Amino acid sequence: MTKKEIISKLTTIVKPYIQNEEGFKNISENTDFINDLEINSANLVDIVLDVEDEFNIEIDNDSMEKMLSVKAVVGIIQEKQSA
Amino acid sequence: MNQKQIIKNLPYKHPFLFVDELTEISENGVSGNYTFKENAFFYEGHFKGNPITPGVILTEVMAQIGVVCLGIYLLKEEISSEKKPQIALTSNRIDFFLPVLPNEKVTVISEKEYFRFNKLKCKVTMMNSKKELVCRGTISGMILI
Chain A
38 MTKKEIISKL TTIVKPYIQN EEGFKNISEN TDFINDLEIN SANLVDIVLD VEDEFNIEID
98 NDSMEKMLSV KAVVGIIQEK QSA
Chain B
61 MNQKQIIKNL PYKHPFLFVD ELTEISENGV SGNYTFKENA FFYEGHFKGN PITPGVILTE
121 VMAQIGVVCL GIYLLKEEIS SEKKPQIALT SNRIDFFLPV LPNEKVTVIS EKEYFRFNKL
181 KCKVTMMNSK KELVCRGTIS GMILI
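From first to last, the protein sequence lines are chains A and B. Per our numbering, the very first residue in the first sequence carries number 38; after that it's consecutive. Per our numbering, the very first residue in the second sequence carries number 61; after that it's consecutive.
Chain B extracted, bound-state conformation:
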């Protein structure tokens, strides 16, 4: 399964799809990026007159690229048009270091800790376009076909 097919298999669409491109993927991890559109729905309210990307959205970007895309890749043999992956976030612990503003491009790098009994746990890092650390932590989810 190539990178475009993985993105096509994601169970999200606008306005909640946060993966533009996957640049590297293997059994052990994934890298990808997303650019925040200036007109994204959350900037209207977060914050009043001062648009900054919410931490929950940064977490979502990390989960979609770092855990869900990787999970789809790991289960690629079992996925078909009739058999779609079922996913659920089960835990996350993230530390945040820098804010992300509208139009910023972020890169997510995820490293698999384990994938067993349908649970995928990853160490995930997000960097901005200056390669500065934005946030980092661990995210786990259950993924099954």
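Just chain A, with the same shape it has in the complex:
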């Protein structure tokens, strides 16, 4: 799966949880979930669970702690899918 495809799927996943519309409109690899999209930590858990289902991977505690930006999530998905 290309980076572009992953970001497109991720955009659909995060949409229900975002609080900052402006940040969401400009979503890119550099988007930070907490600072740019104003997603709270509880909804970050929902996003991670949705990512697990969508990409058929399992996220452990160490990966969870890093999943704070689009770039980090794309990296973790690519790493897990190629493992």
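Calculated from the structure, these hints are not laboratory results. Fair warning: there could be bad hints in the mix.
Example chain B residues on the side facing chain A (calculated, C-beta under 10 Å, incomplete) [what the hints assert, rightly or not]:
1. A148
2. T150
3. S151
4. Y174
5. K181
6. R196
7. S200
8. G201
9. M202
As the structure is a computational prediction, the values presented were derived from the model and not from experiment. By construction, the Cβ of each residue, glycine as well, lies at the ideal position given by its N, Cα and C atoms.
With chain A fixed as given, assemble chain B onto it according to the hints.
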């Protein structure tokens, strides 16, 4: 950890402790009950001359029994006198069906949807003493030690 110890570990006290008894608890869920005292502080204002238990209080009863007590049970190995659980309500969606009056006993039944990355999400139901549905929904919270 037994049911009495779980209640002792709750971070609430009068007038905001809404758990009398836990009747069943496991990794998958919890049941418990609470009886509303006639002289509870909120009846004086809700409503004027017509005491009915506020929906926010019913939600609180469901959260304390259904999510916080269960969360303490799930983290029982990590809790000690120095390490107390930290909790925060993160979301709830509840539908209400029947009013609850002073002196009524309600039973809460909660079923765990998931507990991951410190977030506990549960399907929670409240019944009155006639086993009629009072309210039902989902409640989530973060709980960590």
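What are the numbers of the hints that this structure violates, sorted from low to high?
6
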